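Enquirer: Letter by letter, the sequence shown follows residues 252 to 558 in our numbering.
Don't read these hints as lab results, they were simulated from the structure.
No experiment lies behind these values; they were computed from the predicted model shown.
Every residue, glycine too, gets a C-beta built ideally from N, C-alpha and C.
Treat the hints with caution; some may be incorrect.
As the list claims (entries may be wrong) - No more than 27 Å apart at the CA atoms, straight line, and that leaves these computed lysine-lysine pairs for DSS-like:
| # | residue 1 | residue 2 |
| --- | --- | --- |
| 1 | K395 | K557 |
| 2 | K284 | K395 |
| 3 | K489 | K557 |
| 4 | K395 | K321 |
| 5 | K395 | K489 |
| 6 | K321 | K489 |
| 7 | K489 | K504 |
| 8 | K321 | K284 |
Claimed, not checked - Label pairs and their calculated CB-CB ranges:
| # | residue 1 | residue 2 | range |
| --- | --- | --- | --- |
| 9 | K284 | Q558 | 44 to 54 Å |
| 10 | R309 | K284 | 41 to 51 Å |
| 11 | P432 | V307 | 30 to 40 Å |
| 12 | E283 | E317 | 24 to 34 Å |
| 13 | Q558 | V316 | 45 to 55 Å |
| 14 | R340 | R498 | 43 to 53 Å |
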Amino acid sequence: MQEFNEHTPIDQAEPLPFPFNQRAYCKYEPIEKRIEAVRVLIVDDLLRDERDISDVARAEWGRRVESNLKREREIAALALGNIRNNVARLVRRPETEIAHFSEIAEASDRFRPDAIVLSGTLRDFDYYNPEMLEGFGRFIRQTKIPVLGICGGHQLVGLGFGARVLTLDNREQHENRTGRPYEYQYRFIRIIEAEDPIFAGIDSRDSGIWQDYTIEACILRVWQNHGLQLDRVPEGFKLIATAYFCRNQMMVKRSDGQLIYTVQYHLEKSFEDWDQRRATRWQHPNDSRDGRVIFENFLLQSLRHKQ
């Protein structure tokens, strides 16, 4: 057997047998900022105050309204910070602005972004003020600004185009608040439209950067954290990535002058750093390279769409 130690180059070490050859990490890859400048409107899709909640939320939360809204704001700060950090790490001269989804039309007119990124959510959508959901639906159906919807943002877009949001066991949201199944932690999903430009650079066989990726398998490794799903792909959209447990993992709309990508997973966690001294359940020791590549491709496509 070949002898080697910690100083032996990886490509000279004898490969380990299955299952020990299944790497659970990304090799080091220098990240160059290929985008000179972009203006990104980051949209906060979480609840802010009592104006944002429905009668259902008031009835079910009771005295817990204030504490639940406080939790919404805590999660919003983490989610929006992650998205802004992605833009900053990928763009030389980024310009970003944050607006609540109830104000997305006004913010878009004022800021005139090259792209819009919708954050995730925390609560069920029947907890949201129906008027806010209707207002967002009107905006998303007509905007020509490129949009990326993440997790709850993906579901909001689906709602705006007539889809329903169900639990992962296909029940109505109110029917299964506490016992529903979840997708959580890193999961593998399958690309079914490999030629879509959002997947450019995912195949890294030549560089050997990612773990045993083959274009024949077309597999993405992404961070999941959700208990809801869209019941179908809305009219005008195309499904481009799927999985066994939750079928609609990625979809795109390229008609009517629109460019809308949505992802069920959290690609924005690509740059979240692991701090072992202050580790929380929102921090993860593995980067999602695939999520970072897809985020960058969306920004590049947004600039081309504008041109």
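Enquirer: Give me the numbers of the hints this structure contradicts, sorted from smallest to largest.
Expert: 4, 6, 8, 9, 11, 12, 14
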